[in-house]
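K.L.:
Here's the letter readout for the chains.
2 protein chains.
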Amino acid sequence: MKLNLLLTGNELMAGDIIDSNSAMIAEQIKHFGWRINKKVAVGDELAMLCEEIDQLCIDADVLIINGGLGPTVDDLTAVALAKVTNADITEHPLALAHLHQWCSSRGFALNASNHKQAMLPKNCEIIANSRGSAVGIQLKHRNCLIMATPGVPSELKPMLANEIIPQLEQLFHSDHIQTIRLGVFGLGESSIQELVNEHLADWPDDIELGFRASMPVLEVKLTTRGAHSDAKLQLWREKVENLMGDHLLGEFPINLPSAAINALKQHNLQICTAESCTGGLIASQLTSIAGASQVFPGAIISYSNAVKANILKVPEALLAQEGAVSEAVVKKMALGALDCTGANIAIAVTGVAGPDGGSDDKPVGTVWIAWGSAENLKTQRFHLPFERNGFQNWVAALSLDLVRRYVLGLPEGPDLLKRYRR
Amino acid sequence: MKLNLLLTGNELMAGDIIDSNSAMIAEQIKHFGWRINKKVAVGDELAMLCEEIDQLCIDADVLIINGGLGPTVDDLTAVALAKVTNADITEHPLALAHLHQWCSSRGFALNASNHKQAMLPKNCEIIANSRGSAVGIQLKHRNCLIMATPGVPSELKPMLANEIIPQLEQLFHSDHIQTIRLGVFGLGESSIQELVNEHLADWPDDIELGFRASMPVLEVKLTTRGAHSDAKLQLWREKVENLMGDHLLGEFPINLPSAAINALKQHNLQICTAESCTGGLIASQLTSIAGASQVFPGAIISYSNAVKANILKVPEALLAQEGAVSEAVVKKMALGALDCTGANIAIAVTGVAGPDGGSDDKPVGTVWIAWGSAENLKTQRFHLPFERNGFQNWVAALSLDLVRRYVLGLPEGPDLLKRYRR
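Line by line, the protein sequences give chains A and B. Its first residue numbered 2, the first sequence is counted upward by one per residue in my numbering. Its first residue numbered 2, the second sequence is counted upward by one per residue in my numbering.
For the record, the hints were derived by calculation from the structure and aren't laboratory data. Among the clues, some could well be false.
Note that identical chains are pooled: a pair holds if it fits in a single copy or bridges any two copies.
Here are the simulated lysine-lysine pairs, DSS-like style, with alpha carbons at most 27 Å apart [stated by the list, open to error]: (1) Lys117 with Lys240; (2) Lys158 with Lys3; (3) Lys222 with Lys117; (4) Lys314 with Lys332; (5) Lys379 with Lys314.
If you're wondering where the values come from, they're calculated on a predicted model, not measured in any experiment.
Throw the hints in and build the complete structure from the sequences for me.
P.N.:
The structure is reproduced here in structure tokens:
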């Protein structure tokens, strides 16, 4: 089934809104093995709208139009559809009934702008809208089924699920699509492509390999169609998982904090953080995960030296002598946090987030990380050459992965980060 | 200047990612009076890509292509451009130099997949990419300037600002567009529109009023064309600012942490946080702002009752008697944090982020917030009926705005949040 999508709206072209509708449509049809063949967006201009409608119907089975059904003058979809199909615009009784019902349920009378929404191309069918005043419009052109839908996401969503998809299922063959999404940290797209080329040279044509960067985690996707391919998909999933090795976090939805939390739960461990340059980012990422309380008693955000000294008991002499960004201090920070919180694993970070505060021996982007238990505390210096927020995010990502690896007894890696060691 | 946009990527068509790039492009060119004429998105299929490139160049001045410059086999933009312009693919010395430099700066050798990114259409020019491995590609076809850009937003953004827009400015006439962007918290779009209709009924036609929700802050935009209108724009800016009153945070880029930090700096105050349900989010938002160290010594993330008791000195009897989510406990948390950190202003939060842990009298979404100084500590209970992360973000937003208002001596507002008081 070949499906095209036409989006209309000046606000879309002006960048005032980000189009989330086409992703919503793609998401919903994907499970039936369908995808959007081509997507076009134009402003609210009748001539362009008519031309695109006509063009997009050429050897397509379905054209979904989104937007332009509203009550205002710049909503032109109904007029354009009438023009393209050489139909008159007439008052559609069902649409009018819907509008009357919609208005009265909200306690006001039908006004002229609303009434416009009942003026539709002659002989079109309507698509029920349970949420809004604008009904959808359905008709055929060039042997292509056109379905015009409202631009408001909350109206489009139920219309897709309850009206459009069921109809498409009746009209067109649908495939059983399976996707496995694996979360990987520490390997880039190109490195993974290289590994696959090298070690999985016999990659099958009927399994699609895809990547998606959801920084800092990379998503590796395996997709097949057809129920028969279950076993085969699982087989290749295992091959990919083995290839990813300890860079594999798990199946989506997975991220670095949840991967670390899973590892901590497995080993019945509790983690605390002592954060300087990340200012609480690591703790907030951990606590963004439901159930974090099982493994996370708390954290000390020791932004100032005074807090490092008073709460984490970092000796002031040490701070003066080594500086706040030093191996000796990050160790003391970790031990202090373990002591305060009663956790048995710590992450401590101290670094120069910038833009200011760098020096020759400790340039902006320098960070010392300590992780592990009081008895077996690891430390590493990194240089992460990113702007402030990028730096903070990378320090958090790194720290959480180092803890995951520590708890699971994996090598310190990840490869990606060796390059940043100093 | 007629500009078309072509987006490519299976992940785009599959709904795996929401396209924010075209909005970014529209945003940036808008300031010069330009807009996107037509936007097309297709998957990673060479034939379709070639056809669309050729079609979109017909009577257009500029075609920006976004995506398909990556190192993997499904990145086809360079090949498509070569095909459409009947050029050979050759190794581009500047692109290769960039790749070598990019790889070596990250401490690894150029691999075959990366090298693919140096294979470009003969005679094309490259567009520098300061952030990533893929350079942009620039060439002419059908008298239309084609500029191919990377799909990664963080790479596209500086490439637009530093390379593409300056070049377009030289080549094409641009209107002098002025935009003032004001950050508002606590008033919704419709409320502001109502206020404007009521109090600024004589709104001039040549100043465009626009809104953009960048949650939790609302952006209010005033736009004019032509240098002459400077004074007039400033006049109406003041009118809008007065209308927004204490809901006005300031001019973009502004957000709640930076507004709070500005207020604290003005009054030479230092802030600390004691966070339970937000788990460090407030501290991390404060420290995401450069220069936060001037006003933020640190924070205690007291997720467990043990940490509340041991570090913040919340009496265990009180925790047992009142429960962790209570006015008495949130007060003690604030006082404890002031004591630990030496700050003179505190934010303390304790609540039920969910999905579990709610009760009849303290349902999920309940939060107690304390803010202010030891001598003048305010408390308020709210119920924020959002899912876990939404709840955490709203608690952070609310807390930071309450502190801004406290420090500046403004009413407790904001209006928007009165509805959530309990």
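K.L.:
State for each hint whether it applies.
P.N.:
Here's how the hints hold up against the structure:
1. Lys117 with Lys240: Between copies, since 26 Å is at most 27 Å while 56 Å is not.
2. Lys158 with Lys3: within (21 Å within a copy, 34 Å between copies)
3. Lys222 with Lys117: Cα proximity of lysine 222 and lysine 117: across copies only (22 Å, versus 43 Å in one copy).
4. Lys314 with Lys332: both (11 Å within a copy, 25 Å between copies)
5. Lys379 with Lys314: Intra 19 Å, inter 31 Å, cutoff 27 Å: intra-copy only.
Violation of the numbered hints given earlier is absent; every hint is satisfied by the structure.
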